[in-house]
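Read off the chains here:
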Amino acid sequence: GNSVTQMEGPVTLSEEAFLTINCTYTATGYPSLFWYVQYPGEGLQLLLKATKADDKGSNKGFEATYRKETTSFHLEKGSVQVSDSAVYFCALSTDSSYKLIFGSGTRLLVRP
Amino acid sequence: EPEVTQTPSHQVTQMGQEVILRCVPISNHLYFYWYRQILGQKVEFLVSFYNNEISEKSEIFDDQFSVERPDGSNFTLKIRSTKLEDSAMYFCASSESGGRIDEQFFGPGTRLTVL
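These protein sequence lines map, in sequence, to chains A and B. Residue numbers for the first sequence follow the numbering used here, beginning at 1 and rising by one. Residue numbers for the second sequence follow the numbering used here, beginning at 1001 and rising by one.
No lab work stands behind these hints: they were computed from the structure. Virtual Cβ for every residue (Gly too), placed ideally from N, Cα, C. Hints may contain errors.
If you want the ones that stay clear, here's a sample from chain A, every Cβ over 10 Å from chain B, calculated [unchecked claim]:
1. S32
2. Q81
3. L100
Only pairs whose alpha carbons sit at most 30 Å apart, straight line, appear in this in silico DSSO-like list of lysine-lysine [what the hints assert, rightly or not]:
4. B:K1057 x A:K60
5. A:K68 x B:K1042
6. A:K52 x B:K1042
7. B:K1057 x B:K1083
8. B:K1042 x B:K1083
9. B:K1078 x B:K1057
10. A:K56 x A:K77
11. A:K68 x A:K56
12. A:K52 x A:K68
13. A:K52 x B:K1057
14. B:K1042 x B:K1057
15. A:K77 x B:K1083
16. B:K1057 x A:K68
17. A:K56 x B:K1042
18. A:K52 x A:K77
19. B:K1078 x B:K1042
20. A:K60 x A:K77
Start from the sequences, fold in the hints, and give me the full structure.
Following this line, the structure appears as structure tokens:
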């Protein structure tokens, strides 16, 4: 079946460090891929998305590229801020089902 | 900016009791969803709803669960007889149209605690 695997957290970084959160997926057909972010006490917010192979999603300095050959959608940011501390979820949806399938989430803690 | 709202933010109930979780989706959205997240686990899909009927449901969504759109604005999830394992954060979401590329907008969640 369809699934998403994320790197385990927590990830602890100093401010201005480079961030990578790994995400790989298993899916039939051509899924859309998403990164959602959950700040403390809030709901899930869409951070970025990519809907076909080689697409790059970007928002707020975060980027992720849809790699079909490696079935990956890794999240990157060149210089993290304390305000980026949150839980990040990788997710997919497919043409056969509009539900989102989530990874387990990765908690990011950025220290000043 | 339009947003999805959920009430209550926290619900505590006794095992065997019925609970109703409420959601107000974004007004021009047509597709509605419920997800849940048991503490420390993945966010899991429960059910999707369109045109006043369930379009898809997961194995979790058994006969104890039901959804309803009682009026033009609310979308509810009812659990008839709660179990300890129903304790979780429940998220409502809505999207303008269905489809794999469409963004789902999430509410802040209701934390359900079953004692």
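Against the structure, the hints come out as follows:
1. At the 10 Å boundary, the C-beta of S32 (chain A) falls inside the reach of chain B, the nearest C-beta of that chain being 4 Å off.
2. Its beta-carbon lying about 22 Å from the closest one in chain B, Q81 (chain A) satisfies the requirement of being farther than 10 Å from that chain.
3. Consistency note on L100 (chain A): stated as away from chain B, yet its beta-carbon is not over 10 Å from all of that chain's, at 6 Å minimum.
4. Only pairs whose Cα atoms come within 30 Å are accepted, and K1057 (chain B) paired with K60 (chain A) is rejected, the gap being roughly 34 Å.
5. With a C-alpha separation of about 24 Å, the suggested pair K68 (chain A) and K1042 (chain B) falls inside the 30 Å cut-off, and the hint holds.
6. Between K52 (chain A) and K1042 (chain B) the alpha-carbon distance is near 25 Å, which keeps this suggested pair within the 30 Å criterion.
7. Restraint check: the Cα-Cα separation between K1057 (chain B) and K1083 (chain B) comes to about 19 Å, which is no more than 30 Å; the hinted pair holds.
8. For the given pair, K1042 (chain B) sits about 19 Å from K1083 (chain B) by alpha-carbon distance, which is consistent with the 30 Å threshold.
9. About 14 Å separates the Cα atoms of K1078 (chain B) and K1057 (chain B), which keeps this hinted pair within 30 Å; it holds.
10. The hinted pair formed by K56 (chain A) and K77 (chain A) meets the criterion: a straight-line CA distance of about 13 Å does not exceed 30 Å.
11. Between the alpha carbons of K68 (chain A) and K56 (chain A) the distance comes to roughly 12 Å, so the proposed pair stays at or under 30 Å and holds.
12. A threshold of 30 Å between alpha carbons decides the hint, and for K52 (chain A) with K68 (chain A) the separation of about 9 Å falls inside it, so the pair holds.
13. For the proposed pair K52 (chain A) and K1057 (chain B), the alpha carbon gap of about 26 Å is at most 30 Å, so the pair holds.
14. A distance of roughly 17 Å separates the Cα atoms of K1042 (chain B) and K1057 (chain B); the hinted pair therefore holds under the 30 Å criterion.
15. Under the criterion of a C-alpha separation no larger than 30 Å, the hint pairing K77 (chain A) with K1083 (chain B) is inconsistent with the structure, at around 42 Å.
16. With a CA separation close to 28 Å, the supplied pair K1057 (chain B) and K68 (chain A) stays within the 30 Å bound.
17. In summary, the hint linking K56 (chain A) to K1042 (chain B) is supported, as the alpha carbons are separated by about 25 Å, within the 30 Å threshold.
18. For the hint linking K52 (chain A) to K77 (chain A), the alpha-carbon distance of about 21 Å falls within 30 Å, and the restraint holds.
19. Between K1078 (chain B) and K1042 (chain B) the alpha-carbon distance is near 21 Å, which keeps this suggested pair within the 30 Å criterion.
20. Restraint check for K60 (chain A) and K77 (chain A): satisfied, since their Cα atoms lie roughly 9 Å apart, inside the 30 Å limit.
When the structure is compared with the earlier hints, violations turn up for hints 1, 3, 4, 15 and for no others.
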